[in-house]
Amino acid sequence: MNRLWKVLSLLLIAVFLLTACAAPAPPAAAPAEEAAPAAEEAAPAASEGAMEEGVDMVLLPKFLGILVFDQAHQGAQEAHEEIGNPGKLEFLGPTPENSVQGQIEIVTTAATQGMDAIMISNNAGDQIVPAAKAAKEAGMTVVTWDSPIPSAEGEDFFVAQVDFDETGKVMADMALDILGEDGGKLAILSASPDAANQNAWNAAFQDVLANDPKYANLELVDLVYGNDQSEDSYNQALALVDKYPDLELIMAPTTVGIAAAAKAMQDEGLCDKVKVSGLGLPAEMVSYTLNGCAPEFALWSFKDLGYLTYYVTYLLATGQIEAKEGQTFEAGRMGSYTIEKDPTRDSGLRVLMGPFTVYTAENVEEAAK
Amino acid sequence: MWSRLGSRLRSWEGLLLGLVVAVIAVNALQTPFYLRLSNQINLFTLSIEKIIVALIMALIIINAEIDLSVASVMGLAACVVAYLHAQGVPVALGVLAGLAVGALAGAFNGYWIAYVGLPSLAVTLAGLIGYRGAARILIEDRSIGGFPDWFNRLGQEPLVGPFPVSLVLFFLLLALMLVVLHRSAFGRYVYAIGNSRDVARYSGVNVNRVKMTLFVASGFISALAGILLAARLGSVRGNTAEGFELDIITMVLLGGVSIFGGSGSLIGVALAILLILNLRNGMSLVNITGNTQTGVIGVLLILSVLGPNWARSLQERLQRSRRQTGGPGDGATRGAVPK
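Here the protein sequences come in this chain order: A and B. Counting from 670, one number per residue, gives the positions in the first sequence under my numbering. Counting from 4, one number per residue, gives the positions in the second sequence under my numbering.
Isolated chain B (complex conformation) (with noise of 0.2 angstroms):
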């Protein structure tokens, strides 16, 4: 069974990868901006913050629960910065405040679900609810900026090399989450837990503790990742990062992680993040609209749920016709076919 979901995972990456080639290789074709090295950061920087909250959402999912408060949770926090600096509070202490207070949210998500074991679905779409309640509160309807120099050159200036900070933090988060998930004893909880909690709990596995340390770590990261929008826009509202949840969502589910957990991996996830970013990027060069943009990324992710079955009919029938004829070129792909 472990062999069969290896070998299904390996070639779910593997269309993804020819996919991403694909795109890159259109979006070169079309457009000789596309490649400079200016544009591969834009690329990445329009997004970072979705794609830095991906990385948790992955983990989160292939436990089999689902955090919809992430985008909630990066306003929350993005509201507390800019609050306390309208209070005067110096912004790096704002900062640290943020961070806590997303760190908290996700440890009330993680205390019902994992404590109290309610449904994590039910439990974080009271958090989107009540997080961006509280955002609002802080905020009302004003818009808040006038942020120092440095929180500013923070998310809209390349400081290291010709990356911005927050491109770094994200391939450091993506090297860390890989070790962590698929090199790690913690990592092995997490996909044993996906695939059913209860037999991981007599295998004596601290279901409880695994699940609150993922939400933790879910409402951290998006408050990091709110705090970082806040510096790349410069100034914050109270609908900062709103509806974020759905994209990252959907980058998460295109990356081949399963929506009732226990598979998936994180390069999937990595690849279907590098597919969308490179597909939006090329649309946008050649003055394909939003609505359009919009549409195609539904069209492919509809794709990549449909493709997969559609596949294994096409080779089951094949093989069949193959059995009944012993046509042409049998001998030619005899050694490509498993089995």
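In isolation and in its complexed conformation, chain A is listed as follows (with noise of 0.2 angstroms):
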């Protein structure tokens, strides 16, 4: 018993340490519970209550890691420290290879602890579905932004960068502007197949590539997944050339797809012959557009669209406007906004923020600063 006990109380000091020294929470943890009674005793005053209390939000993100999401969270700092919430701002996200069960693990734990609201780069399809209804029944405000739930089932409504249909046109707009007139053939290097936003750009893509005769020379021959990690992106590119001999164009729309696929393009010496194109930010993309391996490419501002996002959330949350149609609101710097039917899905709500910008050579540099 004596050496059982000495191993244990060994390994007990271990795990202390560990989630103590792991933890940059139990300061914040601490106030938290001390928070508690004095709500309480704060109850009577008023169920308006709420709002001087704070809302207490978390930011998911598709997974962490990723420069672009990283920005989103400033954005949403911003205008947390704007509003002046004294509740929590978390940035809490899975790793990439468990993006799916994490994502859905952290909105259960978010409802568990009594968060106010949550807002989803959804990555998950709509398997993150029952977990998101559950998170509303709790009393939560649920809010997705850069990718939604398909089927809208337990959101509030959805923050979108862009207009879907509109990221069709403007892929193949650069698609046009890089082949010429005379076309070509390209393909497509996606994310993942449960990621919405990148199916409903690819549709849109498709739809418009068929449909526009302005387009008719633009031969898409593939559409393939790199599941947003550069590795698998990097060696999808590569697979494309090997398969379609006289490829020239590599379209994708993510920001990891986009770089993996011109670095792919540059180690090899293909530049020359394969463009790679879609969407991307500046900071990563500046000495391929400079070097002409990806000479044209688009995006918003992920700042701004965490920005938003925070701000419309909060102002749900705190039931100072309601998800439905028509209903306008004041975003901070970012102005007016109306929330609207989401055209680019069968049910839903949405709040547009847009535009896009493209960078060529011209304005990289001065983005990417």
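If you are wondering where the hints come from, they were derived from the structure by calculation, not from laboratory data. Where hints are given, some of them may not hold.
Said to hold, decoys possible - To be clear about the criterion: a stretch of chain B counts as covered by chain A if any three or more of its residues have a C-beta under 8 angstroms from a C-beta of chain A, and this derived list gives those stretches:
#, segment
1, 39-45
2, 142-148
3, 230-240
4, 285-294
What the hints assert, rightly or not - Mimicking SDA-like on lysine to any residue, the simulated pairs with C-alpha atoms at most 20 angstroms apart in a straight line are:
#, chain 1, residue 1, chain 2, residue 2
5, A, 757, B, 35
6, A, 802, B, 162
7, A, 802, B, 149
8, A, 993, A, 806
9, A, 942, A, 851
10, A, 912, A, 889
11, A, 805, B, 39
12, A, 802, B, 41
13, A, 757, B, 292
The beta-carbon is built from N, C-alpha and C at its ideal position, and this holds for glycine as well.
Bring the two chains, given one by one in their own frames, into a single complex with the hints.
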């Protein structure tokens, strides 16, 4: 028994240390516990008290470690400070290889913690629906941004970065610009088949190519998925080139995919033959744009998207607006917006941010700073 | 030899129990949400499919084999249900087909391992790739959902008091496995074969049949878990359950089951499951993100391997110094020191 207790106490200490080191949270958790009784005392004052207490919000990206999501977080923080919400803003995300399970777990945990609102960039398709519904039933505000819940079940509304149909048009225009009037073969390198935004953009792109005679010479030969992982996307890009020797353009509507594809073409010395375009981040794409591997790409501001998402979610969580068609609101520095029916899904509401910026060798350096 | 082994296992389990208690205490102190019943249920539900499969995996590893194909079988069974549903087949029939496919996949593994004598590592690695490939061929890059309500409720709603079906199934299966492994002749064969296949065979144990049974059971239970996962998520993809096998094997090894077979107990595995789930849940509740969680569990696994060795050498050193000095406190601890 003696030995057992020694080992046990050692391991106990280890666990305590681990949880203590790993968590910058204990200081944050302690005030939360203290705040709880205080809130109970204040409760008789008014049910409006929720506003003064602050709204605890979670910003959930598809997963951690991607620059655009950090930018969205910055935008959300900016709005958090500007509004002066005394509640918490947590930026929590899963690991890339565990994205679906991790997102479901974070939504479920947020509901358990009594968080007031969660903002989801959904990477789990409709698999997130049961968790999102449960969170709403627990009284949470559930807003999606960047990528919606395809069926719209379980979400209040979706903050769309751009019009999803317009994305198809913008991609087609860039493709036409790069390939010229006589056209050529191109392929799509997308993120994951469960990313609703990607699917909508690809569908819109295919639709425009098929139906607008202007793009008749652009021949789409394949659609592959790199799962927003650099290595995966890199390999998929190379596989495309192998499979279609006369391929001239890889269109990647994902910031991870476009950078990986551009790097693949650069590494293989194929930039003269196969161009890369799509949606990319100026900071990651600047060298490829200047050396001609990716002469043209587009994006919107993720910082603004985070700001707008935070703002509208806060307004909804505090009851200042309702999630219904025609509701207008002011979102700080970004001005006035209206909640509308989402024309890109069968059901659901959206707030449309916009617009696109197209980057070329002329403006990319400035934007990358 | 048996008694020494027994005491080592007992102390391992004692240690895990101590850790579980410690983690529960820390969690309860750190956040008021932890002890709520709904959180306690969520904590299981979020990993329920993995822990169901961990039970049968424990038997397989005690038997000195391994099944790397479990997660792929989970995915394949879920994809079979989804594919048939998309073809208009009633989901109830699809579930039966999924379970049958799982059992067949297990039988296929078992045939090569038990009757042909190939190593399970190689056979089930092939299974991991092959069954996943089959799942992806069925579903391609789609995501299939829209199952009938009864099926979704199976995974998402409390049906037995506050508990979802999957949790009840887990505890029933745990009880069943406890009896089978620790109270039946079959369980004794599992240990005997794990210790030495040859000795077991010469003692008249039908080694092949035991191994075959285990792998068929593994395929069937994995398929069941995969279908439960489909019900919980409400939709299925080609990569459903991908990568689960490592988490499952981690739980079993942390539970004190020797990777070389022949030793370990289901109580240890159950404690390891409790430890990992509670640790993850506690960290999530104080907003520690996925990367750190994975790191902490990795460190725990290393400690759990190093701990016993370290303790043994510490004990030997202490005994030696005590013998030399006859130091203070000797009288007080004498009763507690074994031998």
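Checked hints:
Coverage of the segment 39-45 of chain B by chain A holds [criterion: at least 3 residues with CB-CB distance below 8 angstroms; count 4]. Counting residues of the segment 142-148 of chain B whose beta carbon lies closer than 8 angstroms to any beta carbon of chain A gives 4, which reaches the threshold of three, so the coverage claim holds. Under the rule that three or more residues need a Cβ within less than 8 angstroms of chain A, the assignment of the segment 230-240 of chain B holds, with 5 such residues. Residues of the segment 285-294 of chain B lying with their CB closer than 8 angstroms to a CB of chain A number 10, which satisfies the three-residue condition for coverage.
Between residue 757 of chain A and residue 35 of chain B, the direct Cα distance comes to roughly 17 angstroms. Compliance with the 20 angstroms bound is thereby established for this hinted pair. A distance of roughly 18 angstroms separates the Cα atoms of residue 802 of chain A and residue 162 of chain B; the hinted pair therefore holds under the 20 angstroms criterion. Distance restraint check for residue 802 of chain A and residue 149 of chain B: the Cα-Cα separation of roughly 15 angstroms lies within the 20 angstroms cut-off, and the hinted pair is therefore satisfied. Taking the CA atoms of residue 993 of chain A and residue 806 of chain A, the gap is about 18 angstroms. The hint holds against a cut of 20 angstroms.
Of the pairs offered as hints, the one joining residue 942 of chain A and residue 851 of chain A holds, with about 15 angstroms between alpha carbons and a cut-off of 20 angstroms not exceeded. Proposed proximity of residue 912 of chain A and residue 889 of chain A is supported: the alpha carbons are some 13 angstroms apart, at most 20 angstroms. Note on residue 805 of chain A and residue 39 of chain B: the hinted pairing holds, with a Cα-Cα distance of about 18 angstroms set against a maximum of 20 angstroms. For a cut-off of 20 angstroms, the pair hint linking residue 802 of chain A to residue 41 of chain B stands: about 15 angstroms separates their Cα positions.
A distance of roughly 16 angstroms separates the Cα atoms of residue 757 of chain A and residue 292 of chain B; the hinted pair therefore holds under the 20 angstroms criterion.
Hint violations for this structure: none, all hints satisfied.
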